[in-house]
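The primary structure of each chain is shown beneath.
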Amino acid sequence: MQPVATTFFFYMLSGLAILGGVLVITRKNAVHSALALILSLLALAGLYLMLYAPFVAGVQIILYAGGIMVLFLFVIMLVNLERSQKEEQFNQQWIAGLLAAAALGALFIAIYVKGQKLFPQRILQMPEESNTQQVAVLLYGNYMFSFEIASLLLLVAIIGAVVMAKKRI
Amino acid sequence: MTDQTTTDPRRYLSHLELGEPDKTFLDTNELVINMGPQHPATHGVLRVILKLDGEKVLGTECVIGYLHRGVEKIAEHRTYTMFNPYVDRMDYVAAVSNGLGYCEAVEKLLNVQAPPRANYIRVILAELNRLASHMLWLGTHALDIGAITPLFYTFRDREEVLKIFEKYCGARLTTHAFRIGGCLYETYDGFEDDVKKFHKFVTPKIDEYEELLTTNRIWVERTKGVGSISAKDCIALGVTGPVLRASGVKWDLRKAQPYAAYSEFDFEIPTCENGDTYDRYLVRMQEMRQSLRIIEQAVGKIPDGPIMAKVPKVMKPPVGEIYHSIEAPKGELGYFIVSDGSTQPYRVRVRPPSFVNLQALDLMVRGQLVADVIAVIGTLDIVLGEVDR
Amino acid sequence: MPDEPKSPSPTPDPKQTPAAGSAAASTPEKHSAPAKPAGPAALPWDSPMVSRLKQRYGSGVEASSYLGQNYMVVDSSVVAELLRVLRDEERFDYCVDVTAAHYLEREKQFDVVWILYSFALNERIRVKTMIADGESVDSVVSIWPAANWLEREVYDMFGIRFEGHPDLKRILLPDGWKGYPLRKDYGIIQQDQEWVQINLGIESGQ
Amino acid sequence: MLASMFDGIKAYLFSGKSTPGQADSIPASLFWALVYILLIFLGLSIAVIAMNWLERKILAHMQVRLGPMRVGPHGLLQPIADALKLLIKEDITPAAADKWVFWLAPLMVVITAFTVFIVVPFGPAHAVTDMNIGILFMLGVSSLSVLGIVMAGWASNSHYPLMGALRSSAQMVSYEIAMGLAVVSAVLMTSLNDKGTGTLSMIGIVQAQAAQHVWFVFKFFPLGLIAFFIFAVAMVAETNRAPFDLPEAESELTAGFHTEYSGFRWSLFFLAEYSAMIAVSSIAVTLWLGGWLRPFTDWLSGDTWDMVFALIPGLSLLFLAGMCFYSTTRMPKHPSFRIQTAGLAGFGVVLAAAGVLLFVPPVRAWVQDIFWFSAKVAVFMYLYIWYRGTFPRYRFDQLMKVGWKILLPIGIGVLVLTAIAGVFF
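As they're listed, the protein sequences go chains W, A, G and R.
All residue numbers for the first sequence refer to the numbering used here, where the first residue is 1 and numbers rise by one.
All residue numbers for the second sequence refer to the numbering used here, where the first residue is 170 and numbers rise by one.
All residue numbers for the third sequence refer to the numbering used here, where the first residue is 559 and numbers rise by one.
All residue numbers for the fourth sequence refer to the numbering used here, where the first residue is 765 and numbers rise by one.
Since the hints were derived computationally from the structure, they do not count as laboratory data.
Quick caveat, the model's predicted, so the values are computed rather than measured.
It is possible that part of the hints are untrue.
[Unchecked claim] Okay, the calculated beta carbon distance ranges per label pair:
(1) W:Leu155 / R:Tyr1146: 56 to 64 Å
(2) R:Ser1080 / W:Lys166: 54 to 62 Å
(3) R:Glu854 / A:Lys401: 50 to 58 Å
[Stated by the list, open to error] Once the Cα atoms are required to be at most 30 Å apart in a straight line, the calculated DSS-like pairs of lysine-lysine come out as:
(4) A:Lys225 / A:Lys485
(5) A:Lys225 / R:Lys1165
(6) R:Lys863 / W:Lys166
(7) G:Lys666 / A:Lys485
(8) A:Lys401 / G:Lys727
(9) A:Lys482 / A:Lys369
(10) R:Lys821 / A:Lys332
(11) A:Lys482 / G:Lys736
(12) A:Lys424 / G:Lys686
(13) A:Lys393 / R:Lys849
(14) R:Lys1165 / A:Lys393
(15) G:Lys612 / G:Lys686
(16) A:Lys225 / G:Lys612
(17) R:Lys849 / R:Lys863
(18) A:Lys225 / A:Lys393
(19) A:Lys470 / A:Lys419
(20) R:Lys1165 / R:Lys821
Glycine is no exception: its CB is placed at the ideal position from the N, C-alpha and C atoms.
One chain only, chain W, in its complex shape:
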């Protein structure tokens, strides 16, 4: 089963993700950067789809783009930020930033060129059946215990939120 889409889709989606990322940091308006973040998250979901992980793509859309980003926008809108929009970006060290980015880029290229044996040769054989079943079996089978611990952690976070807001109700 050859991969689902041509390389065109791959470059388009990753280009979108990078564009989103860049916009997030350069935009002065907080809402614009939040929307750019959503753009890159959706592009990521597209990439997951290309890798035959529909379940993860679906979860990515629901949780990240649909859930967390909505709450981001909630907070941004409730706390009005007129003041912060007026201020110039005070840290002027964008030169240092560029240098660090360039160094990191060089490092990645070096790894890619040198460490050929690190990367698997043959292309991964994608599972025939949609792998949602496998994910479910793994998640609730072998990793049942860690799954429960994670949900416990979330429960604690929710209770914390309720207690913090309790004062107001």
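Given chain W, work out where chains A, G and R should sit, using these hints.
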């Protein structure tokens, strides 16, 4: 030269010692907002200034006077009969009751009794008017809370009442139906069967409204426990009419101090206990049924005889002053007339039920939510023509 | 709850007593036609309540009844206390109305009228006091909260100040309005030119 | 030509478990997918136009009035007139609005409302594609529409639309959870067939219902019904309709999030609202009412009944045509109405022709699935309008209370019980 529009709404609320909303990092500023005067849910030009803590109402202040036409000043420059049509323009939804109150007050001043036939006609028209006023209240009140359909049902039935008025006295809303000393027009032939036909037509319709709203879960949830006021507060604030009866006080001027021919009919006064919006709704629905009962009895035994007492063409009531009040659909509508023996009244003071009932809005709304303010204004059944005079 | 209403039939008063100038309005002769037989006169009204009040306030209280409606003319100094007594002891728990009338030619120009009703007795009385222009009256908002807006309206229309009112300012007319419309010396077509010009921006030539 | 086209789609769809574009050749399947997308767009806009007319007429008749009568016979051309008006109306952008976000918001809402239809199964072979995470994809995309609303509220840069947007998004977010729980309990039922593994794909769910010979609404008797009921309530709240339409309630203080929009942009929101309603009802139909399966497949089985049910689509269209002809006789005789009567008669003829066409055996078999699916969705549409006619509006805190304190616990309860029931039966 400050004025309502320019002054900062906060200054209005300064005299009420209202609690400060507790500051949290999310609260940008506590909210003082204007509701009205052009707001779909304030019945006419009423402006309510609300101090909010988030969604909860801390306190309110009503700014009224937008519809003030100086009726009482005009009265001092008109003769008694000329002032009669002005009275209909105050509570334009229940114009017949206004006319009835004024005519009876002047008759008391002239020490004249309207003939029984005139009294019967007056009772029938006043009760029809009460029905029409309650129907209009129900339609707009349900619309404010979100139920669109009752509005169309109630206006279709109210149309029948207005047809009878039009046939009798030529006007639908500001009817000027009565004259001082009785009624000017003899009932048109077919008046009795029109009223009987109307009675048969409307009785099942009221059950139709009840069917739609009384057991409607969302309606009950939106009205039960909203804007409740105790009997003691009602009496202290001078609130009268269905609002008072819904708080448990069994008091109705038609029974307490009967006027026109009310002492000759038997009807009950519906009351409820805990005085919230739902009870006021129930009380008014019952009142509609009682009005139908009165109309039925009255139409059955209209006496014959003259319809106009012997009243001089140019009325010069003796020097003196009297206060006469009737049970208008909204509450006790009173007229305090001072006469100095000339043809024009020296002073006419109108005691409007809506004006006094509106005072209770602040008490009923504190602690409630913004959405309830609109429900409470609806349940008080105020008409701004009467509030501002 | 209210017992059978006392029938307020007007007092049968066939005999034509000369117009006993009832204390309420000593009308100027000039615009009433030749004195036609005056109607019913104000009869003295005495009841246990009145006697109690008279005994407590003596000269300050003068009770009479006109066309079956009882009213008391009370001296302005003692009226506040009397109203409180009426509410607390005589159970007049419902303040129907607070209003005023302006008599230009009298030396004490204003009549301030309280109309009270008692649910227990199913009875309505009026309490009246006479004050000169510029004098003020004690507010009864502490006795009946209903009087809050009623007094504001009397202030708005007549300019009578009520001492102790929580927020005495105009209720129907705009705040910056000058003049008190319901006074007899305030012409019917007269408007507060200045306010109209400033706020509505029209030359309010009548 | 028609038959070959459908074979193509069938081939495309049934060449093994198809994830997007998995068929023999990419371009062929892409072409059929595009055709289907076009069909969906066409079908949806016709449905929205019909829905607009239906809502106004049915609501009017519920309220003792006639509804639009003037534009076309019985107001039939009213929706077109509305669409034209909205196109012509000036499209104002508030001065201090955030231009870019203001422009993007309606797009976001419409895109999410339409992408949901990729996985809606109108028939075993009639779906744009059959993703194996069908339901998950639908819930994900419908949660994205919240973003559109929040952006619209923010971009209009005025106090009330912002509060309205926050309120409606809070409402949608909280009812999404109740909806998710109901959906999970329905999906749980699919896994109880012989193969033992459930499926998220929409076509799979309907096939599971067919295999188990029971609609999930009647499975494990009270549980299916309760889950269906939770979904029915949550979907009304999700689309801001009827008793939950607080944000754009005119008598409330805060106006809706789309107050600053006008002209075509506003009609986009309008379009998105109706397509969201249709999408959410189609989820409900697929999950609980056996998608394209005809009703009573077991009680009234046997080919005589199949024949009867097969005739129903044709009969219903003929009935509508009959209604048109009957109303032409009752049209006022005034000459100015002559065009309208002619138009109505023409419409009747078209309907009659379509009705007769549906009796032709191959077409009859083909149209069965789509007819039953859209009939069930139509029932839901009628319910939406019925709610709007009868229910007053919930207050915001009551709305949240119903969402969190009533639907959520019951949803969890039903989920657990379904799981237990699944083990035992």
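Tested hints:
Separated by about 42 Å at the C-beta atoms, leucine 155 (chain W) and tyrosine 1146 (chain R) break the suggested range of 56 to 64 Å. In this structure the hint that serine 1080 (chain R) and lysine 166 (chain W) lie 54 to 62 Å apart at CB holds, the actual value being about 57 Å. Taken as a hint, the range 50 to 58 Å holds for the pair glutamate 854 (chain R) and lysine 401 (chain A), whose Cβ atoms sit roughly 57 Å apart. For the proposed pair lysine 225 (chain A) and lysine 485 (chain A), the alpha carbon gap of about 56 Å is over 30 Å, so the pair is violated.
Between lysine 225 (chain A) and lysine 1165 (chain R), the direct Cα distance comes to roughly 16 Å. Compliance with the 30 Å bound is thereby established for this hinted pair. The straight-line distance between the Cα atoms of lysine 863 (chain R) and lysine 166 (chain W) is roughly 38 Å, outside the 30 Å bound, and the hint therefore fails. Annotation: proposed proximity of lysine 666 (chain G) to lysine 485 (chain A) holds, straight-line Cα distance about 26 Å (limit 30 Å). Annotation: proposed proximity of lysine 401 (chain A) to lysine 727 (chain G) holds, straight-line Cα distance about 27 Å (limit 30 Å).
For a cut-off of 30 Å, the pair hint linking lysine 482 (chain A) to lysine 369 (chain A) is broken: about 40 Å separates their Cα positions. Among the hinted pairs, lysine 821 (chain R) with lysine 332 (chain A) is consistent with the structure: their alpha-carbon atoms are about 28 Å apart, no more than 30 Å. Using a Cα cut-off of 30 Å, the hinted pair lysine 482 (chain A) and lysine 736 (chain G) is violated, with the two alpha carbons roughly 39 Å apart. Restraint check for lysine 424 (chain A) and lysine 686 (chain G): satisfied, since their Cα atoms lie roughly 28 Å apart, inside the 30 Å limit.
Between the alpha carbons of lysine 393 (chain A) and lysine 849 (chain R) the distance comes to roughly 43 Å, so the proposed pair goes past 30 Å and is violated. Between the alpha carbons of lysine 1165 (chain R) and lysine 393 (chain A) the distance comes to roughly 16 Å, so the proposed pair stays at or under 30 Å and holds. Note on lysine 612 (chain G) and lysine 686 (chain G): the hinted pairing holds, with a Cα-Cα distance of about 15 Å set against a maximum of 30 Å. Proximity of lysine 225 (chain A) to lysine 612 (chain G) is assessed by CA-CA distance (about 51 Å); at most 30 Å being required, the pair is judged violated.
Restraint check for lysine 849 (chain R) and lysine 863 (chain R): the C-alpha separation of about 24 Å stays at or below 30 Å, so the hint holds. A distance of roughly 17 Å separates the Cα atoms of lysine 225 (chain A) and lysine 393 (chain A); the hinted pair therefore holds under the 30 Å criterion. Simply put, lysine 470 (chain A) and lysine 419 (chain A) have alpha-carbon atoms about 28 Å apart, close enough for the 30 Å limit, and the pair holds. A C-alpha spacing of about 33 Å is found between lysine 1165 (chain R) and lysine 821 (chain R), which places the hinted pair above 30 Å, so the restraint is violated.
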